[in-house]
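Protein chains: 2
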Amino acid sequence: MTAIPPTDGLPGESGQREDDVLKAISRIVSASHIPAGEVHIGDDAAVLEPTVGSTVISTDVSVWGIHLDPEFFSLHDFGYKAVATAVSDLAAMGARPEACVIAVTAPKGTDLISIHEGIAEAALMTSCPVVGGDLSTGRDISLAVTVVGQCPDSKPILRSNAKPGEFIFVTAPLGRAAAGLRLRRAGAGMENELVLAQCRPYPRLREGMTARDANVSAMMDLSDGLALDLNRMADLSGVGFELDYIPVAEGATLEEALSGGEDYELLIVTPDPETLLHLSKDRSQMQPILIGRTVVNQSIRNLEGRPLTRRGWQHSL
Amino acid sequence: MTAIPPTDGLPGESGQREDDVLKAISRIVSASHIPAGEVHIGDDAAVLEPTVGSTVISTDVSVWGIHLDPEFFSLHDFGYKAVATAVSDLAAMGARPEACVIAVTAPKGTDLISIHEGIAEAALMTSCPVVGGDLSTGRDISLAVTVVGQCPDSKPILRSNAKPGEFIFVTAPLGRAAAGLRLRRAGAGMENELVLAQCRPYPRLREGMTARDANVSAMMDLSDGLALDLNRMADLSGVGFELDYIPVAEGATLEEALSGGEDYELLIVTPDPETLLHLSKDRSQMQPILIGRTVVNQSIRNLEGRPLTRRGWQHSL
Chain D
1 MTAIPPTDGL PGESGQREDD VLKAISRIVS ASHIPAGEVH IGDDAAVLEP TVGSTVISTD
61 VSVWGIHLDP EFFSLHDFGY KAVATAVSDL AAMGARPEAC VIAVTAPKGT DLISIHEGIA
121 EAALMTSCPV VGGDLSTGRD ISLAVTVVGQ CPDSKPILRS NAKPGEFIFV TAPLGRAAAG
181 LRLRRAGAGM ENELVLAQCR PYPRLREGMT ARDANVSAMM DLSDGLALDL NRMADLSGVG
241 FELDYIPVAE GATLEEALSG GEDYELLIVT PDPETLLHLS KDRSQMQPIL IGRTVVNQSI
301 RNLEGRPLTR RGWQHSL
Chain A
1 MTAIPPTDGL PGESGQREDD VLKAISRIVS ASHIPAGEVH IGDDAAVLEP TVGSTVISTD
61 VSVWGIHLDP EFFSLHDFGY KAVATAVSDL AAMGARPEAC VIAVTAPKGT DLISIHEGIA
121 EAALMTSCPV VGGDLSTGRD ISLAVTVVGQ CPDSKPILRS NAKPGEFIFV TAPLGRAAAG
181 LRLRRAGAGM ENELVLAQCR PYPRLREGMT ARDANVSAMM DLSDGLALDL NRMADLSGVG
241 FELDYIPVAE GATLEEALSG GEDYELLIVT PDPETLLHLS KDRSQMQPIL IGRTVVNQSI
301 RNLEGRPLTR RGWQHSL
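Here the protein sequences line up with chains D and A, keeping their order. Residue 187 in the numbering used here sits at position 187 of the first sequence, with consecutive numbering throughout. Residue 255 in the numbering used here sits at position 255 of the second sequence, with consecutive numbering throughout.
These are calculated hints, taken from the structure and not from any lab test. Any given hint might turn out to be false.
Said to hold, decoys possible - Label pairs and their calculated CB-CB ranges:
no., chain 1, residue 1, chain 2, residue 2, range
1, A, S114, D, S160, 26 to 34 angstroms
2, A, D235, D, G187, 48 to 56 angstroms
3, A, D235, D, Q298, 54 to 62 angstroms
4, D, P164, A, E193, 56 to 64 angstroms
5, D, P152, A, P152, 16 to 24 angstroms
6, D, S26, A, Y202, 38 to 46 angstroms
7, D, P152, A, K108, 37 to 45 angstroms
8, A, P307, D, N192, 54 to 62 angstroms
9, D, H278, A, K108, 42 to 50 angstroms
10, D, P271, A, G238, 58 to 66 angstroms
11, A, G53, D, P271, 33 to 41 angstroms
12, A, G53, D, E304, 39 to 47 angstroms
13, D, N215, A, D272, 47 to 55 angstroms
Stated by the list, open to error - Here are the simulated DSSO-like cross-link-like pairs (lysine-lysine), alpha carbons at most 27 angstroms apart as the crow flies:
no., chain 1, residue 1, chain 2, residue 2
14, A, K281, A, K163
15, A, K23, D, K155
16, A, K23, A, K108
17, A, K23, D, K163
18, A, K281, D, K108
19, D, K23, A, K155
20, A, K163, D, K23
From the three backbone atoms N, C-alpha and C, an ideal C-beta is built for every residue, glycine too.
Here chain D stands alone, though its shape is the one from the complex (with noise of 0.2 angstroms):
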């Protein structure tokens, strides 16, 4: 879409044109893979090649100096971190990539340049082509993601669907991301593991597709960190939950781990974890960790049999 005329909008010595501005960052996103017979950037919409099975569809929006502090990280990493937690979302239907679009707003004189790199790194990482995107001007630095999957042989896994009786895992040990911040804002530097962890997070995808293989019932990714995810997906299910056992990562404390957030981990909850471990084993993936049992009481919400209370990263709106 266009604009109205605004003041600070029209084509000026300073600023770039928006024709101009799309056809270098058609040429950095075009980096990463994109299948042959498929029509991109450049046109009204970005056509698809048709696919047998579900169809999975979400979109996430990160703002600069709220999702990623400019303070200690880059708008290379903020491009990169936009776009491998909205594929994350793919990895929690247990969906493969299929392609991505992303709107971008920014302030004139904003290094686009460098957020696409970053970008074109997570989507040539994950697999998820960038096929289309749109750019305006705005106070805010902006990337809105949406990510399409497919789930071509079963059902998408839900977040609804857990009953009481099944046995819940992690892919790994949590609060990684959250100790990463904490290390970077007391200076440690951007080769720092758990640093890596909070700016280059890696979407589970391999490890959603073997769960869904597994046929989990019910799968979410860890974004807001397991004290508020795992009741959220309770709510959903209508079952309660008794854990016994919380991984933290080496570097995390457990609060991190519980309501650090950003780990991008996957919940799962199945009902046979034999054929889950045993899948994760075959495909040499990492092992997915027992950490409790979902139940028929949907008040009980415990951690070694003392509540775990709600808590962890929510906008206030």
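Could you slot chain A onto chain D? The hints should help.
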């Protein structure tokens, strides 16, 4: 995705918690028709039903104060227009709307209900249900709307496929939206038909599908004005054009028709005008208006024999 701890992002007495806001919004937008069997807001991603044929996808971002002027229009208008103009990109491919997802940024205290009432109105009007979304705090009020559509029986119509010697049509007289903005700024009421064209555009979905059925060569929606958009289509198709007539809407000026933008009428190029006109008539749709012809020489870009300069609204970035 979630937020790092922002100083203004913690749940407070004055703010509403994200989960509560999402529930309220979900109620409003679910007024738009959602096909049975699909899974929507509340999971990591929305699940769309399998379909046969090409899927098209497009994203558009609108910023309050840039794409619509708060002095003369409401947040309801803003929500409506953001969705309607995004859906127009589906019309431009000849696609049938299937679903949309919407990423919102807004400062604390923003009237999100009014915005989503506008969103729901446009979603209902265009049969494009809102199946998911995301919310973040930000300084700007912005809406990134991603639309997905289907072309069940034939290929989507691209911008880049016009051939020399074909016929150029638009779906209606031009300049209404720009005239409406001018009149609104001069004091016209919201009931004024041209003002409504500015803030309540209706995407030409039926006309786009008819054009696809009529096997037209190229199509796009006129968002930035004919003088800019036709040049873009000519660039992508590698043709020139000779226009002999510009249909100016009643109440608009020639300049508004050429470069005002935001009309969201369709620009159609076809080798077979008879079929297009017949199908339109058979279906009781508006008769497309012939405005000129494409030519081999790419450097010819004329209106009534004189060069049509490339002008219209572009962001400066």
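Right, here's what the structure says about each hint:
1. A:S114 - D:S160: 26 to 34 angstroms: Between S114 (chain A) and S160 (chain D), where Cβ atoms are some 30 angstroms apart, the hint holds.
2. A:D235 - D:G187: 48 to 56 angstroms: For G187 (chain D) against D235 (chain A), whose Cβ atoms are near 51 angstroms apart, the range 48 to 56 angstroms holds.
3. A:D235 - D:Q298: 54 to 62 angstroms: holds (60 angstroms)
4. D:P164 - A:E193: 56 to 64 angstroms: Holds - the Cβ-Cβ distance for P164 (chain D) and E193 (chain A), about 59 angstroms, lies within 56 to 64 angstroms.
5. D:P152 - A:P152: 16 to 24 angstroms: Hint holds: Cβ distance 20 angstroms, inside 16 to 24 angstroms.
6. D:S26 - A:Y202: 38 to 46 angstroms: violated (30 angstroms)
7. D:P152 - A:K108: 37 to 45 angstroms: holds (42 angstroms)
8. A:P307 - D:N192: 54 to 62 angstroms: Since the Cβ atoms of P307 (chain A) and N192 (chain D) sit about 59 angstroms apart, the hinted range of 54 to 62 angstroms holds.
9. D:H278 - A:K108: 42 to 50 angstroms: holds (49 angstroms)
10. D:P271 - A:G238: 58 to 66 angstroms: holds (59 angstroms)
11. A:G53 - D:P271: 33 to 41 angstroms: Hint holds: Cβ distance 37 angstroms, inside 33 to 41 angstroms.
12. A:G53 - D:E304: 39 to 47 angstroms: violated (53 angstroms)
13. D:N215 - A:D272: 47 to 55 angstroms: Since N215 (chain D) and D272 (chain A) have Cβ atoms about 52 angstroms apart, the given range 47 to 55 angstroms holds.
14. A:K281 - A:K163: holds (25 angstroms)
15. A:K23 - D:K155: holds (25 angstroms)
16. A:K23 - A:K108: holds (17 angstroms)
17. A:K23 - D:K163: Cα-Cα ~23 angstroms, so holds.
18. A:K281 - D:K108: Since the Cα atoms of K281 (chain A) and K108 (chain D) sit roughly 47 angstroms apart, the hinted pair is violated (cutoff 27 angstroms).
19. D:K23 - A:K155: Holds: K23 (chain D) and K155 (chain A) sit about 25 angstroms apart, inside 27 angstroms.
20. A:K163 - D:K23: holds (23 angstroms)
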